[in-house]
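J.: Take these sequences, add in the hints, and give me the full structure.
Number of protein chains: 4
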Amino acid sequence: MANSKYEYVKKFEVEDKLPPCNWVILRIDGCHFHRFSAVHDFEKPNDVNALMLMNSCAVAMLEHFPDIAFDYGVSDEYSFIWKETSQFYQRRASKILSLGVSFFTSMYVIKWRDFFPHKELKEPPYFDARIVCYPRAKIVRDYLSWRQVDCHINNQYNTCFWKLVQSGKSEKEAQELLKGTLAKDKNEMLFTQFGINYDKLPAMFKKGSCVYKDHVEETVKIDEAGNPVKRRRQMVVVDHIDIIGNKFWKDHPNILKED
Amino acid sequence: MANSKYEYVKKFEVEDKLPPCNWVILRIDGCHFHRFSAVHDFEKPNDVNALMLMNSCAVAMLEHFPDIAFDYGVSDEYSFIWKETSQFYQRRASKILSLGVSFFTSMYVIKWRDFFPHKELKEPPYFDARIVCYPRAKIVRDYLSWRQVDCHINNQYNTCFWKLVQSGKSEKEAQELLKGTLAKDKNEMLFTQFGINYDKLPAMFKKGSCVYKDHVEETVKIDEAGNPVKRRRQMVVVDHIDIIGNKFWKDHPNILKED
Amino acid sequence: MANSKYEYVKKFEVEDKLPPCNWVILRIDGCHFHRFSAVHDFEKPNDVNALMLMNSCAVAMLEHFPDIAFDYGVSDEYSFIWKETSQFYQRRASKILSLGVSFFTSMYVIKWRDFFPHKELKEPPYFDARIVCYPRAKIVRDYLSWRQVDCHINNQYNTCFWKLVQSGKSEKEAQELLKGTLAKDKNEMLFTQFGINYDKLPAMFKKGSCVYKDHVEETVKIDEAGNPVKRRRQMVVVDHIDIIGNKFWKDHPNILKED
Amino acid sequence: MANSKYEYVKKFEVEDKLPPCNWVILRIDGCHFHRFSAVHDFEKPNDVNALMLMNSCAVAMLEHFPDIAFDYGVSDEYSFIWKETSQFYQRRASKILSLGVSFFTSMYVIKWRDFFPHKELKEPPYFDARIVCYPRAKIVRDYLSWRQVDCHINNQYNTCFWKLVQSGKSEKEAQELLKGTLAKDKNEMLFTQFGINYDKLPAMFKKGSCVYKDHVEETVKIDEAGNPVKRRRQMVVVDHIDIIGNKFWKDHPNILKED
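Protein chains in written order, with the UniProt record's numbering: chain A, 1 to 259; chain B, 1 to 259; chain C, 1 to 259; chain D, 1 to 259.
Simulated from the structure, these hints should not be mistaken for laboratory data.
Keep in mind that a hint or two might mislead.
As the list makes no split between identical chains, a pair holds if one copy fits it or if it spans any two.
Listed next, the in silico BS3-like pairs over lysine-lysine satisfying Cα-Cα at most 27 Å (straight line) [as the list claims (entries may be wrong)]:
| hint | residue 1 | residue 2 |
| --- | --- | --- |
| 1 | K213 | K122 |
| 2 | K11 | K83 |
| 3 | K206 | K138 |
| 4 | K247 | K200 |
T.: Structural data, given as structure tokens:
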């Protein structure tokens with residue numbers, strides 16, 4: 001029984017190869033996570049376990065897809081930078097998009113119990129995703145700076161907002177109090193009203209999370225003289241550092257090396 | 001702290017709205033499911049629990065996304081037909097693609113335990129997905145016919161193949177024996193060598209699975225005279241029937257009704 | 001001397017095939033024709049020679065590209081409807097777009113002298129073009145209705161505007177006088193102020209121009225008895241008729257016949 | 001009379017903005033120019049007037065569209081490099097494509113008589129066109145190298161081919177004689193059989209034509225002492241030089257300067 005009579009329907013498929021020599025950024029974002037985090041009682045403004053679950057999935061992504069060079073995450077959002085030379089499924093956008101977001105989602109549900117052993121998953125977490133191409137490494141850096149600035153702005157706002165709410169204000173009142181305030185006003189408010197030194201908050205909240213492969217030195221054994229024998233090994237690290245300035249990129253020149 | 005300096009990177013995002021008045025088919029497909037089904041000891045050629053897990057996720061899709069009109073599934077593949085009038089996220093392809101495949105994946109992992117209570121998930125299931133637009137209902141029907149013919153061809157082949165393997169042939173020998181055989185040869189082989197009447201195999205294996213909303217009559221209570229009080233109600237049904245001929249579509253004219 | 005070292009640059013070309021089973025409309029539009037028509041002293045609001053030059057080029061298009069089913073033109077704009085089954089250059093958008101607009105432009109310059117024997121071409125006429133796909137014949141009809149309604153609205157406005165200007169008003173005054181007027185106000189103004197019965201204006205101005213192949217009867221010779229011998233022959237016609245109502249399409253069912 | 005009922009058809013138009021920070025190459029190519037050049041008796045293998053007509057149109061392009069940085073032409077083909085920063089019609093591909101090819105075509109017909117005063121245009125010249133985006137200046141250089149290598153290969157082949165034909169061989173025999181020959185074989189054949197030193201052929205044939213803006217020094221007047229007063233002025237030049245090596249680009253660093 002031949003299938004040829006109907007096979008013409010395949011002709012409606014559209015070729016969607018991404019242009020060569022472009023860095024490909026896959027960004028995923030929790031869908032309806034405002035509700036999802038309320039349903040699951042996430043701590044406000046930052047739930048450490050929820051962030052670590054996201055980070056753990058991002059590590060799995062980097063390990064699973066060899067063409068990912070760098071991940072950056074904040075809140076319920078993660079960006080995955082695919083090498084400009086990647087030939088993963090001939091750079092077909094729908095493959096990168098669907099396999100990436102599907103794998104991440106799968107990991108999120110599987111790992112849920114590791115980070116929330118006492119919380120049942122009450123509704124399915126799921127994510128939207130998009131793909132954007134960037135023609136040069138320096139624009140990828142600007143992209144990452146854009147996300148990290150956003151992380152900072154949102155975190156500062158949310159920290160103030162939830163402190164106000166936790167101190168008895170309604171959400172509406174908190175919103176009103178923050179309208180039009182500048183960065184330094186918010187730092188001031190945190191310090192004087194709540195005794196919080198913003199700079200001392202965890203780096204993960206302020207800087208977001210970077211996931212990448214790095215060379216680390218590890219002790220593999222102790223020799224007969226009692227000295228540690230060390231070896232450099234490449235491993236995936238999660239870090240919460242500034243990626244806007246040049247230092248990180250000077251220290252890790254291979255991540256965004258252009259062909 | 002303004003973010004404007006880096007916001008230009010948003011301009012690299014590409015508008016990907018699907019054309020109006022087109023039916024949108026989202027097809028998902030298990031990635032590396034050959035290995036995944038081996039790792040999890042799926043029965044060959046068809047694992048009833050694995051198929052029912054897929055169907056259960058497909059039901060959840062239809063219930064969750066109101067613009068899906070019909071699902072059709074076979075093996076580790078499912079097609080979701082979005083109404084031609086859908087305005088879901090303004091018809092942005094990446095939204096439909098990512099949210100659809102992510103939600104399905106999430107359900108698959110969550111429901112795993114319902115269908116495989118004694119099997120641990122050993123690796124993350126994940127799916128690729130693609131989107132294809134079809135300008136007319138009759139082409140959507142041809143698309144579905146294409147998938148259902150494929151279901152039949154593959155099932156017949158796989159039934160023979162695994163029977164041969166289970167009877168002691170190597171996979172290579174089984175392949176050789178089946179090379180060039182016609183449909184009737186395979187039916188003959190099943191009947192004479194293995195005593196199997198292909199027509200008597202479960203419809204789910206031969207026809208795949210259709211998921212759609214239908215009006216069903218249900219007894220809501222028994223009245224004082226002891227007679228059942230019935231009510232017509234719309235509910236999601238899973239069916240294993242022919243969708244190539246006209247009968248199904250005459251019986252369900254609303255599913256592919258064109259604007 | 002091999003060229004292979006540089007040939008990788010071809011990989012940056014993007015496939016741009018238009019989806020099957022869609023009608024393809026190529027619309028061209030004069031670029032800076034406001035100035036072009038001023039520079040060449042076109043009569044206002046309608047220059048018969050300029051319109052006939054456009055029509056003549058549109059006839060050439062229909063004769064040259066066999067997959068064009070119908071042209072519709074108004075002012076310095078023309079739409080060309082390509083059959084939904086067209087396989088012209090495998091439906092590559094850039095081919096249809098570039099060859100269509102380039103051929104039209106070439107004809108426009110070549111034929112200029114036929115319609116303006118006493119006017120020198122003072123600057124190069126050129127056109128922009130776009131391509132839009134329509135999934136069904138009835139939407140193509142709506143597209144044509146959209147253009148023909150536009151033709152009527154613009155022509156009525158422009159007729160009033162230029163009559164006012166020619167009667168001594170400034171362009172600004174004319175604009176002010178017409179602001180907010182309805183169709184019947186404009187007809188009234190034309191009749192009472194300028195003695196013009198709008199309905200009696202040339203159909204080409206009010207309805208635009210349709211170009212298509214039609215069967216016409218022509219006398220091929222006179223037989224011995226002195227009677228004309230007629231033969232039906234297909235030829236390209238230019239017509240100025242209503243294409244919003246059903247009559248034209250009932251009379252010419254083949255033009256937008258769907259596969 | 002409102003047009004709103006039909007205006008929904010505009011929604012079928014697809015946004016086609018080219019990605020930012022990419023160089024945009026518009027390449028046009030004569031359609032059926034094999035026949036066109038035969039019909040108009042172009043000299044083989046190179047017709048100087050036909051090439052100069054192409055060059056003259058390319059100069060007009062550079063002067064008309066301020067965002068074009070460089071043109072390169074060979075035979076009936078021309079590439080136009082649009083600056084990576086161009087915001088011409090918001091980078092809409094169909095605008096750049098259609099306006100570019102239409103303007104070029106218009107100039108070609110208008111200027112025909114300047115280069116072929118004694119030849120009537122017997123059929124309309126028209127061109128196809130395509131657009132390709134290149135993310136970096138160095139890839140644009142590779143693109144140009146690709147075209148210039150092609151120019152050389154084709155010119156060498158065509159020079160031999162037409163010499164053989166003009167010496168009495170049939171086109172088929174000439175083809176056979178050249179099959180499998182290397183560059184040096186062809187040079188040898190030209191020299192020994194036809195007394196032609198390939199290196200001495202006009203640079204326009206061997207290198208193609210480059211069009212760009214350059215600073216030239218011109219004498220604006222002679223002062224009282226009889227000395228020429230010179231001024232540097234930017235003007236469009238047509239040159240036939242190597243653009244594969246670094247020299248040209250070192251001498252003209254602004255042409256492909258990246259933002």
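J.: Each hint: holds or not?
T.: Hints and how they fare:
1. K213 to K122: between (34 Å within a copy, 25 Å between copies)
2. K11 to K83: Between. Shortest inter-copy distance 17 Å satisfies the 27 Å Cα cut-off; intra-copy 30 Å does not.
3. K206 to K138: Within one copy only: 23 Å inside, 39 Å across.
4. K247 to K200: Close inside one copy (21 Å), not across copies (56 Å); limit 27 Å.
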